[in-house]
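*Asks:* What follows is the residue order along each chain.
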Amino acid sequence: MSAPLQYRRLARVRGTFSGIHSLWLAETHLIAVRQIFYTEHYRRFYFHDIQAITVQETRTRFHLALAWAIGGGLFALLLGGLIALSSGMAGAIAFAVVALLTGLALLINQLLGPTVVLHLVTAVQSTPLPTVRRRRHADKLRRAIHSKIMLAQRDLVLASPPLAAVESAPPAVAPEPAPLQDSEFLP
Amino acid sequence: MIETPGTIPCAACGSLLDLARLRPGGRVSCGRCLNPIEIDFFPADSVPLMTGHGEALEEGTDSACFFHAGKKAAAACGACGRYLCGLCVIDFAGETRCASCLESGKKKGKLSELDDRRTLYDSMVLVIPLASIIMWPVMFFTAPLTLFLTVWYWKKPGSLFRANRWRFVLAAVIALVELLGIAWFLFAMVKGFRQ
Numbered sequence: 047m048s049a050p051l052q053y054r055r056l057a058r059v060r061g062t063f064s065g066i067h068s069l070w071l072a073e074t075h076l077i078a079v080r081q082i083f084y085t086e087h088y089r090r091f092y093f094h095d096i097q098a099i100t101v102q103e104t105r106t107r108f109h110l111a112l113a114w115a116i117g118g119g120l121f122a123l124l125l126g127g128l129i130a131l132s133s134g135m136a137g138a139i140a141f142a143v144v145a146l147l148t149g150l151a152l153l154i155n156q157l158l159g160p161t162v163v164l165h166l167v168t169a170v171q172s173t174p175l176p177t178v179r180r181r182r183h184a185d186k187l188r189r190a191i192h193s194k195i196m197l198a199q200r201d202l203v204l205a206s207p208p209l210a211a212v213e214s215a216p217p218a219v220a221p222e223p224a225p226l227q228d229s230e231f232l233p
Numbered sequence: 182m183i184e185t186p187g188t189i190p191c192a193a194c195g196s197l198l199d200l201a202r203l204r205p206g207g208r209v210s211c212g213r214c215l216n217p218i219e220i221d222f223f224p225a226d227s228v229p230l231m232t233g234h235g236e237a238l239e240e241g242t243d244s245a246c247f248f249h250a251g252k253k254a255a256a257a258c259g260a261c262g263r264y265l266c267g268l269c270v271i272d273f274a275g276e277t278r279c280a281s282c283l284e285s286g287k288k289k290g291k292l293s294e295l296d297d298r299r300t301l302y303d304s305m306v307l308v309i310p311l312a313s314i315i316m317w318p319v320m321f322f323t324a325p326l327t328l329f330l331t332v333w334y335w336k337k338p339g340s341l342f343r344a345n346r347w348r349f350v351l352a353a354v355i356a357l358v359e360l361l362g363i364a365w366f367l368f369a370m371v372k373g374f375r376q
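Those sequence lines, one after another, are chains A and B. In terms of this note's numbering, the first sequence opens at residue 47 and continues consecutively. In terms of this note's numbering, the second sequence opens at residue 182 and continues consecutively.
Please note that a few of the clues may not be correct.
[Unchecked claim] Cβ-to-Cβ under 10 Å is the rule here; a few derived chain B residues that face chain A:
1. F247
2. A250
3. Y302
4. S340
Just so you know, these hints were derived from the structure itself, not from any lab. Computed from a predicted structure; not experimentally measured. No residue lacks a Cβ here, since even glycine has one placed at the ideal position from N, Cα and C.
Given the sequences, and given the hints that come with them, work out the whole structure.
*Replies:* Structural data, given as structure tokens:
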């Protein structure tokens, strides 16, 4: 039997409608775990297979803030109406607590930073990682695995053209890449 | 959710973006909604998919593949030692394996790297005695069942990420306490009935 692999948790457990997700790091690969009831489903991404990591900002933070503001606002209006009718102290305290909690949620949502979606791209799949939802999580993951990927793919780096040839060649990275046209989108 | 190979959906507008068209690298943007996309490309990106067919065998000079008699051996399986041609070689977790060794390893559960799912028997077994506390009349049935399942699943592989079995132990302890409670209850009933 092969020796048990050592895993280190990279992203904390996150519950979604599709299950409970977590992300773990091993010496040679990342493993994304989705737990549904009492079964864990594993998806491995070996470092030597990863071709690219893409990160895009989403509007989830704005939507969350909107939801909190609208929800909290409506609740505050309701409580305010009740206080006006009854003019009791308990109502005022409840109003203050709701306002404080809503404000706190909005503040935390802002402090956590922009929301993002991160895709791991290999030759056969492009998979989003549901555990990575904030910019700082994405940056942490990229920092954690970038050197491991480069190490795993060092043979491919060595096999690349010599530096002189690269320098004489036209630049591979365009300074200002033009945005894609509508006609260039896949159907 | 797995997207089509080589494409990602734009997080803002949902358009399917072809990564091949984003090759310039760095920070690019979606052409439809201009949502910026950061891309880190790695060397594997420039390597085409391996499509080895195996070289033809030159009789008398080369060793033949175990599975394809007409193909030249390119490597040996690290587990069974069989010679393999370029078509049969599988690079598995940094080692060379043949398909039959991987298949048998998966069937026997010896290769944890091949597991794509595992059932958490320990968590499942722990829920039974805990739930029976709420619905206490079922304890008569669930306590022995818990002990049986603890023994039955003890050696089954659990989660990849926890090596301990404290959930099994806790379930068994709760079940034993429940059994003691049941025994005390029956004893008290019999004693009361006799008096």
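*Asks:* The structure should be examined with respect to each hint, and the outcome stated for every one.
*Replies:* Outcome of the hint check:
no.	hint	verdict
1	F247	23 Å, violated
2	A250	30 Å, violated
3	Y302	8 Å, holds
4	S340	6 Å, holds
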